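**Student:** Below are the chains, spelled out letter by letter.
There are 2 protein chains.
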Amino acid sequence: MEKLPGSVRIKEVGPRDGLQNEKTWVPTESKIAWINMLSNTGIKEIEYSSFVNPKMIPALSDAREVGKQIKRNPQVTYSALVPNQKGLEYALEAGVDGASVFMSASETHNRKNINKSINETFPVLKGVIEDAKNEGKYVTGYVSTVFDCPYEGRMDPEKVITVCDRLLELGVDDLSLGDTIGSAVPSQVENLLDVILKRYPQEKIIMHFHDTRGMAIANILTSIQYGITRFDSSIGGLGGCPYAPGAAGNVATNDVLYLLHGLGIETGIDEKNIQEASLYIQSKLGKVLPSRSLLANAQ
Amino acid sequence: MEKLPGSVRIKEVGPRDGLQNEKTWVPTESKIAWINMLSNTGIKEIEYSSFVNPKMIPALSDAREVGKQIKRNPQVTYSALVPNQKGLEYALEAGVDGASVFMSASETHNRKNINKSINETFPVLKGVIEDAKNEGKYVTGYVSTVFDCPYEGRMDPEKVITVCDRLLELGVDDLSLGDTIGSAVPSQVENLLDVILKRYPQEKIIMHFHDTRGMAIANILTSIQYGITRFDSSIGGLGGCPYAPGAAGNVATNDVLYLLHGLGIETGIDEKNIQEASLYIQSKLGKVLPSRSLLANAQ
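Same order as they appear, the protein sequences are chains H and S. With numbering that gives the first Met the number 0 applied, the first sequence corresponds to residues 0 to 298, in that order. With numbering that gives the first Met the number 0 applied, the second sequence corresponds to residues 0 to 298, in that order.
Hints are computed from structural coordinates only; laboratory data are not their basis. Honestly, I wouldn't trust all of these hints.
A pair holds if it fits inside one copy or across any two, identical chains being indistinguishable in the list.
[As the list claims (entries may be wrong)] Calculated pairs, EDC-like style, for lysine to aspartate or glutamate (alpha carbon to alpha carbon, straight line, at most 20 Å):
1. 158 to 119
2. 67 to 275
3. 43 to 157
4. 2 to 189
5. 2 to 193
6. 283 to 155
7. 271 to 202
8. 132 to 44
9. 125 to 96
10. 283 to 61
11. 203 to 151
12. 283 to 193
13. 203 to 1
Since the structure is predicted, the reported quantities are computational estimates derived from the model, not experimental observations.
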């Protein structure tokens with residue numbers, strides 16, 4: 000195929016975005032064992048937990064213990080989600096190489112999700128980003144609902160750009176653009192990337208797809224043909240919505256690797272080790288995870 | 000997006016390819032009610048059953064009753080799978096607009112599936128195709144394992160061409176090329192279509208993808224960008240392998256429609272009616288079907 004990159008970087012977000020909505024408690028020692036397995040798959044970036052208020056995300060209430068006890072592979076960058084300076088403090092104490100801040104391109108989604116307007120969010124993130132940079136940490140800015148918002152519908156790329164511009168001014172190192180409700184089709188990906196890649200260097204852009212309607216792999220294919228080389232994904236496709244039992248969540252690392260390796264694109268990640276780590280967390284959650292490749296290979 | 004067609008034709012193969020491996024018996028009257036629902040979704044082509052020996056496919060042993068009792072919509076073409084002249088006789092008696100014959104591009108898969116070599120298969124199909132054409136019926140030739148064979152591995156497009164050439168010589172009206180084990184990635188689709196579309200008019204080519212590893216929607220996107228405008232799909236993604244419980248089967252009509260309509264491509268098919276017909280057969284089978292869009296919309 001034309002226009003394919005030689006290699007692609009994957010950030011594994013399963014331990015954070017994947018687990019955060021799970022109702023089944025995964026014991027701290029199992030999380031640690033699992034993240035240690037992930038650290039030995041060849042993955043170079045892992046988001047290991049979230050330092051959001053544990054009342055909001057009880058599934059990740061042990062972020063500090065996890066951060067302190069995982070066995071760090073020097074080849075891997077470990078990051079965590081932080082909502083504010085207090086969260087960053089805990090994250091720094093537990094050990095992080097990177098901090099991820101988050102907000103939405105949609106005013107309504109931002110208010111529903113973090114109880115602030117977009118304009119009220121920037122000063123909070125400014126403090127976090129400054130503190131993290133002062134500690135020599137890498138900062139990623141997650142921007143959610145970049146294609147469609149469950150409240151506002153189709154998003155204008157200009158709204159996305161406004162938020163991205165401001166986050167970059169505040170000092171984030173890169174941006175992860177999220178199809179939060181997994182509704183985008185490849186033409187929407189093209190329309191957004193047309194604008195985004197004229198404005199920012201591609202190395203700064205990570206695409207974050209959910210597979211809610213089965214479009215994620217096609218959206219990733221379209222993204223790489225547009226020059227994107229960085230993606231977030233979640234092992235086994237972990238990460239469904241709590242209000243949609245059984246629905247697919249984040250795009251599965253397993254399926255992304257099947258695509259990329261099939262296209263001859265290098266990732267440095269071992270599919271067999273990913274399969275093993277998928278089966279491990281699947282057994283801890285006691286349910287079948289949505290990744291198609293996981294299921295096909297488990298037979 | 001560039002190079003997208005204005006419209007695409009979908010053949011619904013759920014009642015045949017979808018049901019054939021199901022262990023749960025769907026009562027004849029439920030099959031009939033379901034096919035009648037499908038007939039009113041805007042779908043123009045339905046493969047309603049198989050006239051293969053009922054001992055081989057017990058799930059479809061009521062093909063004759065189904066064919067005789069469904070309420071035909073004059074806008075819809077009804078076809079059935081036929082293995083030989085005896086099967087065709089039954090199909091004609093039950094009523095068909097089209098007959099589908101089948102064989103494999105792989106010698107080993109052909110032997111395992113129909114107990115004959117590729118060369119021994121042609122004379123059998125010759126008789127079926129002649130008889131069907133004499134009765135004024137439309138004939139489709141299914142060619143399976145066009146990308147990868149579970150026994151022979153990667154298939155050379157030349158082997159596929161050899162079988163396609165011969166089937167067209169024998170008089171089939173069109174060819175459905177199957178990713179039988181759902182293993183292809185988009186670069187394989189391009190490599191095959193490079194050869195196929197130089198040799199045959201695109202109207203004669205139908206692509207038949209399985210979503211076993213989550214690649215089907217990306218493969219369909221690649222196919223339409225290559226000029227293909229005809230696809231087989233199965234409602235709800237029905238059609239898993241009997242030896243892989245829970246594994247995804249045929250690409251889901253629901254997901255294909257979400258892609259195509261999202262890209263602004265017309266199909267004439269109503270997604271809500273498809274959702275309803277999916278929920279109907281899901282309730283008869285007593286299990287959650289693999290279509291991502293079905294699940295997302297069912298919440």
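**Student:** With reference to the structure, classify each hint as holding or not holding.
**Tutor:** Consistency of the hints with the structure:
Taking the shortest alpha-carbon separations for residue 158 and residue 119, only the intra-copy value of 16 Å comes in at or below 20 Å, while the best inter-copy value is 63 Å. With identical chains, the CA atoms of residue 67 and residue 275 are never at most 20 Å apart, being 24 Å at best within one copy and 50 Å at best between copies. For the homomeric pair residue 43 and residue 157, neither the shortest alpha-carbon distance inside one copy (32 Å) nor that between copies (40 Å) is at most 20 Å. In this assembly of identical chains, the alpha carbons of residue 2 and residue 189 lie at most 20 Å apart whether taken from the same copy (14 Å) or from different copies (13 Å).
Proximity of residue 2 to residue 193 under the C-alpha cut-off of 20 Å is found in both arrangements, the shortest distances being 15 Å within a copy and 17 Å between copies. When the C-alpha separation of residue 283 and residue 155 is checked against a cutoff of 20 Å, the pair qualifies neither within a copy, at 41 Å, nor between copies, at 42 Å. When the C-alpha separation of residue 271 and residue 202 is checked against a cutoff of 20 Å, the pair qualifies neither within a copy, at 28 Å, nor between copies, at 41 Å. In this homomeric assembly, residue 132 and residue 44 come within 20 Å of each other (Cα to Cα) only inside a single copy, at 18 Å, whereas the closest approach across copies is 60 Å.
Proximity of residue 125 and residue 96 under a CA criterion of 20 Å is satisfied intra-copy only: 18 Å inside one chain copy versus 67 Å between copies. Taking identical chains as interchangeable, the C-alpha atoms of residue 283 and residue 61 lie at most 20 Å apart only when both belong to the same chain, with a minimum of 16 Å there against 43 Å between chains. Taking identical chains as interchangeable, the C-alpha atoms of residue 203 and residue 151 are never at most 20 Å apart, the minima being 27 Å within one chain and 43 Å between chains. In this assembly of identical chains, residue 283 and residue 193 lie within 20 Å of each other by CA distance neither inside one copy nor across copies; the values are 42 Å within and 46 Å between.
For a Cα distance limit of 20 Å, the shortest separation of residue 203 from residue 1 qualifies neither inside one copy, at 22 Å, nor across copies, at 26 Å.
The structure fails hints 2, 3, 6, 7, 11, 12 and 13 (numbered hints given earlier, in ascending order).
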